[in-house]
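Asker: Chain by chain, the residues run as shown.
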Amino acid sequence: MKEITYREAIREALAEEMRRDEKVFLLGEDIANYGGSFKVTLGLVEEFGTNRVKDTPLAESVIVGAAVGAAMIGMRPVPEIMFADFMVLVMDHIVNNAAKMTYMSDGEVSVPMVLRAAQGAGSGSGAHHCQSVEGWLMNIPGIKIVLPSTPYDAKGLMKAAIRDNNPVVFLEHKMLYATKGMIPEEEYVIELGKADVKREGSDVTVIAISAMAPKALKVAEVLAKEGISVEVIDPRTLKPLDTETLVKSVAKTKRALIVHEACLTGGPGAEIAAILAKEAFDYLDAPITRIGAPDTPVPFSPPMEKFFIPSEQRIMQGIKDLLG
Amino acid sequence: MKLTNEELIEMYRLLLLTRKNDERINEIYARKGLPELPHSCMGEEAIAVGCTYKLRQDDYIIPSLRARGMFLVKGIPTKVMMAGAYGKRTGPARSLSTSHHMGDVSKGVMIGTGLIGSSLAVATGAALGLKDMGKDTVFVISFGDGASSQGDFYESLNLAVIWKLPVIFVCENNGYAISTTTARQMGVENVADKATGLGVPAVIVDGNDVMAVFEATQEAVARARKGEGPTLVECKTNRWRGHSENDRDAYRNSAEVEAMQRDCCVTRFEKHLLEKGILTPTLAAEIMQSVAQEIDEAVKFAEESPFPAPEEALRHVYAD
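Respectively, the protein sequence lines represent chains A and X.
The first sequence begins at 1 in this note's numbering and counts up one residue at a time.
The second sequence begins at 1001 in this note's numbering and counts up one residue at a time.
For reference, chain A alone in the conformation it holds in the complex (with noise of 0.2 Å):
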């Protein structure tokens, strides 16, 4: 086993497959020598070249476009958009091309591309930089989304995108890129697809999904010592979601918080909420909670950004209400 950094297990990730498969290939703004905005791709270049690290002109929606043409003529392209607030700009080529070829085809064609993006707040960088987007995409059919919080997941869920022969997006959290976590030294896959219950427990289940995650376990750790058994599940991939594992595990503690970064309304936990409210109803003791961003855009100043972030308090305060 090795410490690595989230940023570092996404480059080895990307590395080893690149490596793997000579037609895995990067493309995004700046992601060559200069690494990329967030340095995930940091010393690629060295060892690939630049033409399987490519660095584009400032326009996303021919990135991903060309991504997508690349991938239905036999190439894996992984394309890199800077901050998952620009993911509007290629919401076409996402929605209407790269989801909808296989199925316009028949089965002939496939997009195997993994659209990477970093999400989220906390770093200060305002409206356009911070939002979390997974609710946006959830409703796609076509693609799939993975979300995850750990080293240990984002190299092994990276590895199992690209080798995944359709479009995946990949949203990396911001704030977990310094964090730190163990990995084995041999190679390891991450089926895409498959929650992974962090903590077990037995008095309430938390879906924390991404950087919600790591809050929710500091939390749980919290309240252990109150005598309150949490379980923390982390989804990590959205599309597919594991609903056997989550309820499964609502019916072992009969209550049930979801909780995310993006904002609250028609956000990824509406639609586990849903899920959960048809296929768990039975187990169920008490109402759903979901716990949010609130309905706004990111605020820029410090105390109002740590506002809107939900807090390891909030999260508290919602599993205690929970338990009445």
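By construction, these hints were calculated from the structure, which means they are not laboratory data.
Among the hints, erroneous ones may be present.
Subject to a maximum C-alpha distance of 20 Å in a straight line, what follows is the list of computed EDC-like cross-link-like pairs (lysine to aspartate or glutamate) [said to hold, decoys possible]:
(1) A:K198 <-> A:E312
(2) A:K23 <-> X:D1136
(3) X:K1164 <-> A:E29
(4) X:K1079 <-> A:D106
(5) A:K194 <-> X:D1320
(6) A:K2 <-> A:E186
Fit chain X to the given chain A structure using the hints.
Answerer: Chain X in isolation, oriented as in the chain A frame:
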């Protein structure tokens, strides 16, 4: 590229097939005989045929909304295209999409999209993939004058030129984007001017002269195969009918449209071949008969084919 007499006759047949196929589909749609809304290519056939003829099987195309002839030239059977317009199971990809955007990997046809301009980026990326794979395959994509206002037009041409990608941008400039004339659409006279502004070599040809379109495209193809990057070939032409068969075309006056129809690209080429003795009246009549028969058979095939089962709509959302 010098074409043999047989090849010239084949080009003529493809022009005629494109024209007659379009006429027949419009006629069937007018009596509500098929579900797909046609976007007539009458008047513009020379562009579709000229820019696709003699491309290799592994060269790729994405036709514009209107350039239906490109499918036929690339080898999609007339009856498959017709079955697609009927929405039948025997249409391309069992008619999951309208036939405007169909694809066929074996024939080098890539699936398009209903969003104008979007495919320019996809084609540019495919050209990137082909180049990185070390192939000398090229990508020919056609689009209208309206598409040249779309953001992806600029982003795609820009990327293609800085990375020297083997993509040929064929612009069918018929002067109208639905009801909006090019004078109201853009600040320059020619779409080619925009390309030049981005550093992309561009030529302007008479879009009603199939040989002019062919020669300009072949030159661009040769450049692309040698790794010299993209070209824009702007073909000036006219749209004879409305934007779609639901468009009453009331924004144009009949005198204007009648004037357009006097310069028919099919008749022009026929006349040219007759003058050269490559075509004879007898042969021309035989070709007309054969084309009519092919279309009759296509219609029969489409009408007799079954619809897909409704549940077939749930297949292949994801690749394995």
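Asker: Tell me the hint numbers this structure goes against, listed in increasing order.
Answerer: none
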